[in-house]
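Colleague: Guided by the hints, dock chain C onto chain D, whose structure is given.
Residue numbers (my numbering), protein chains in the order written: chain D, 1 to 211; chain C, 1001 to 1158.
Since the hints were derived computationally from the structure, they do not count as laboratory data. Everything hinted at is true.
Stretches of chain C that chain D covers, calculated by requiring three or more beta carbons in the stretch to come under 8 Å of a beta carbon on chain D:
hint	segment
1	1018-1032
2	1041-1053
3	1074-1084
4	1090-1098
5	1117-1124
6	1127-1136
Bear in mind that the values here come from a model prediction, so they are computed numbers and not experimental data. The beta carbon of each residue, even a glycine, is placed where N, CA and C say it ideally should be.
Given next are the chains, with one letter for each unit.
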Amino acid sequence: MNYMMLIDVVLLALVIIAGIAAIEARNLFAAIGLASAYSLLLACFWTTMDAVDVAYTEAAVGAGISTIMLIGAIVLTGEREIVRRAVHWPALLACAGVAVLLVYGTLDMPRFGDPDAPAHTHPIYAGFTQQDVMKDPSGKSFELAQEYAAAHPDHSGDYFHGHVPNQVTSVIVSYRAFDTLFEVAVIFTAAMALVVLLRGRRGNPLKGGLL
Amino acid sequence: MKENPIMRLAVRWNLPFMVVFALYTQTHGELGPGGGFQSGVIVAAAFFLYGLVFGGAEMRRVVPRWFTDLLAAGGVLLYVGTGLYSMFMGYEFLDHAAVMPSNPGGAEPWGMTLVEYGVGLTVFAVMMTIFNEITEGTNPEDNQTGESGADTEFGARA
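Isolated chain D, as found in the complex:
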């Protein structure tokens, strides 16, 4: 067992503990704190897997803004949970079924860090690492990069000229800029829907709150 494995196991165990504790906590303020800790621990775990962008988003959204929103919500609702803990069997079965399906889905995935995984042999990756790829003619990506360079002389040999140090940004706002454009359009539409539905409705049912 290497050290990274040990760190991963400890982090995941803490994530599970924080998750269960957040569900079981009767005090809602404590539950929010535990949910925030859950997100932060998950962010640490993503960092150990070199997925820093995912970790950043998890920390900013999961541990940051949703915690603040939930604190705003408990100031409106009160701090104690009303206990009603009958087991809802159909819901439990549905959750278990989805969990089994998800685990089954991961069985087809390549091992973590596998050099022969599609993510590491696909032409896109060859494009990203082209400067290094071109120096190593023995690599699998070298041939792909050469092939692409022959087929697309107008890109001066680049598969895709989005070379910036952060590959995730490269994919999100350049290679898949169209996807991101419509993601932005979707959240814009959500805000506009809220404006149309709620703006100016002073006599709303949330009377007697905080803000």
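Modeller: Here is chain C on its own, set in the frame of chain D:
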């Protein structure tokens, strides 16, 4: 919560650092982790904290609604505009090479930066809009009728 000195001090001390960190995230999107989405969320979180402690009306005085409406649309327009510019320059939609045709690889970060600014502005403005619209009218102090709800002193109960 406005009278609680600890909350006031915590927000006053944290807000500038949060905003500066968000700007760092925004401007270094193509170099390190993060980008427009994360920076927009962090700036919005800073102003949520401000609104939570000083009240929604005070927050709307600092960041008015017309301003967030403008930013939400402006961010999307900046994104689309980047794509349309490359179209008018004879490239494909959102082909960032159009920003600097002499050096397509070098133009890429510039195009990405423009697009990321669009994303950041929209996300910030949308988060503020969600906060504003959902919490509107829930402050007893804002109500002209003067009817107050349950105990709203967060500091007194925590």
